[in-house]
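Chains A and B, in that order, give the protein sequences.
This note's numbering numbers the first residue of the first sequence as 178 and each following residue consecutively.
This note's numbering numbers the first residue of the second sequence as 4 and each following residue consecutively.
Worth double-checking, as some hints may not be accurate.
When the alpha-carbon atoms are kept at most 30 angstroms apart in a straight line, the in silico DSS-like pairs for lysine-lysine are as follows [said to hold, decoys possible]: (1) B:K11 - A:K709; (2) A:K185 - A:K239; (3) A:K709 - B:K228.
If you anchor each label on the Cβ, the simulated ranges turn out as follows [stated by the list, open to error]: (4) B:T60 - A:L564: 35 to 43 angstroms; (5) B:K82 - A:S305: 50 to 58 angstroms; (6) B:E97 - A:T321: 39 to 47 angstroms.
Because the hints were derived from the structure by calculation, they are not lab data.
We put the CB at the ideal spot given by N, CA and C, even for glycine.
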Amino acid sequence: MKQSNGTKVFFIVCFVLLTGYYLSFTVMNWWAERHIASLPENEQVEYRLQNQERLNNLRARKLNFGLDLQGGMYVTLELATHQLIAELARDQADDVFSDVLANAFQTARESGTDVINEFISEFERRDSNARLSRYFHMNTDDLTRASSNDEVRAYLDRQRNAAVDRAVEIIRNRIDRFGVTEPSIVRAGSNRIVVELPGIDDDADRVRNLLRGTARLEFRLMANPNELRSSFNRVAQIFDVREEIAAEDEDGEPEIRVSNELRELILDIGGASVIFGYVNVADTARVNELLNRDAVRRALPSNVELMYSARPERLTQDGPRNFLALLGVRTQIELTGEVITDARPSFDPQTNRPEVSMTMNREGARRWSMITAANIDRPVAIILDDLVYSFPVVRTQITEGRSSISGLGGLSEAEDLVNILLSGALPAPLEILEERTVGATLGEASIRAGFNSAMLGLFLVVIFMVVYYRGGGAIANIALLLNIIFILGILAAFKATLTLPGIAGIVLTIGMAVDANVLIFDRIREEQRAGKSLLAAIDSGYSNAMSAILDANITTFLTAVILFSFGMGPIKGFAVTLMAGIVASLFSAIIITRVIIDWLTRGKNIKVSFG
Amino acid sequence: MRLFEDPKIEFINNRKIGYIISGLLVLASFGAIIFKGLNFGIDFRGGTEIVVSFEGTSPNVVEIRNVLSEPLASTPEVKTFGEDVIIRTDSGLEGNALRTAILSTLNQQYSDNPSSIIKLDIVGPRFAEDLRDAAAMSIFFALGIIFVYVLIRFKKWYFSLGAVAALFHDVIITLGIFTLFYEIMPFSLDIDQAIIAAFLTIVGYSLNDTVVVFDRIRENSLIFKTEAYDRMVNRSINNTLSRTVVTSMTTLIAVGVLFLFGGEVLKGLSFALILGVILGTYSSIFVASALLVDLQLKKAEKS
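I would like the entire structure built from these sequences, with the hints used as guidance.
This is the structure in structure tokens:
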């Protein structure tokens, strides 16, 4: 008996030391933060600089608080694979390609399968001899005209893989430039990225734009104003709807009223200009629907498409600022963002409004020089992510490769734009699948509430145990307290995150942890009632209760494991604390209490009462 | 202190009452679920949930709902969230636009009571589908694993059946209560990921309870070989009664404290856990053990 207790004591000491070690960082970090907070403001920064390495080490190894406790933003992004495929085929794409891709996208979306697989199967369904290589082999050395469809599939998978990795890097760049402490940007699966940004609260809007902005910068020439003007009437006519409102009027002819939805939605400016018309922000969806018809495309000049301006403006002096200009822009892209080597926020010397000045590389500067020389007194559209930010008129030839983007809302927008331009364009757009933001105040309130509940719950259970099980109850309480410390230690050791449901899990564990002891103590009481001596009752109490304890806890552990594997985010935190709680409570209930009881009853011959 | 020194309560003989009560509760729950429908949170339905905190007291929720209907182009659900207000909408507006729309409208309407967004959750429709699948799978797997585990440990299939029946019973009734009391409770009874986590925990806890009784039944069946089965089961329940009540009490104390002091975010979760503890204890006796007896008696009759 003494020997096995020796091993037990050894294990207990190990556990306690390990836990102490892992939790020490959290404690030291907390203490350090308090110390810094107590210093006068000016000394704080210096202290941080001097002790930077030590503080960073503490911060990296302390117990992680989930975003729902510290406040911050959690986003799941998905790469638009179908757009990546379209981008890879670029100029080789034909109508069949677009059609198949669109169908594959729909099918994949509905049934939750992989777009790449759907794309290839759809193609093969239409034409079993189709060679997909003809769409992609021009842009890469990996494929030739003769490559099989399987090789194309492998190529697309590789490209997507690389694209997601690149997207992670680009996002990391943007977040770093933005300035977030301890961001976490990780890949999740074949085409998703999970971004965790502690501390982001009011800036959530800016961050959302940073995460999604593809940063596709284009310089394009604009439509001929006269051509655009005449096309306006042609386009509008398509939407004329004639209806008879009266059978006959005085002249014996039926009265016809003509209504035109498009004219109601697009405000005509009257003269010839690169502006097609103005659209209220609320009507843009409907206008897009109307303009999407083939008839409209035929009515517009063949090298022109319509694009919205980026910022809403007001049409009358006191009117609301919610009209977007619809602009006629040439389809040909003269210059892209790839030539930009540097960008910085600046202020327009005349208007004092913020803008972004860009510098181009040599090739870009050369092309820009040619473009500006050929288009004096004509506007050039500066387009970012399919929105026209500005269309300044070229006054002189620009030879130094400089340009600027104006029409921005404020300095922060300029800074974010610089960020995106310098970090690089995303290979394909990222869609936000899920976003959770918790404000810092709510986080603090949650921590307080969780902590208070845990303390109060602990207090009440402790009292109950002593009242009901007397001496045995007091021992069980010691085990319970150690239990909680162990749970936190396990979490810290495995770098798990403590979330609000996690704290709930700890509170729940407090309630359930006593169960094992209850089983043992009740059994001991029963054995005593049956006439056994104290020591014998303790022995048989522990051994008889064992099977029930193990069965019960293993089943709960299994459900926690299932929760862990299927749950996401804070629920994972709940599952982890539950599992840690079960392990810790089993250890403390079976081993620790046994050691203490044995030490008291055998060693010190104290008659421990079990109530 | 002793609560149940050596109880000799007649549980099994009165199991018919238990069946009737359980039967009614399960039927009522099924009815509620079928006719009223389960209320899923945005985790499983998709949509946006925003918690808005006002500097002063929060305005009336109906008022807020009306004020926001226009800018959002659809009527949002507005409820109280502790002292704050929670707004749920399926409006097509995306993140930034939605935030701006809500904040500017509210600050315009209540210009002397500025508001701020303290919590924002957006779940896209496809992601909601993923979460639904994950939740369904986890419940399915959990029940399956439990059936197998109990079968292995207790060797006879009616132990497994009794255990799983008790679990079903607990989960269905909890779901039923959530559905029935949906508008009545001052806190959110939406079924979201946290509630599913609570259900799985309830499953774990209820099983915990059931297994302790089963374990005693197995032990007693070896000791009291000549005793009638139903007497032996009754004895087992009485043997473990003290433990059952005490553990239920300590767990209820813990989750009760969580419910009262744990903050608004945890209200739904802790409410589910409270129901689970109460039902779990009840079902170990009046569903699992009772079924055990009846299945055994039927088997005895056949042979």
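Worksheet entry | Hints that the structure is at odds with (numbers, increasing) | none
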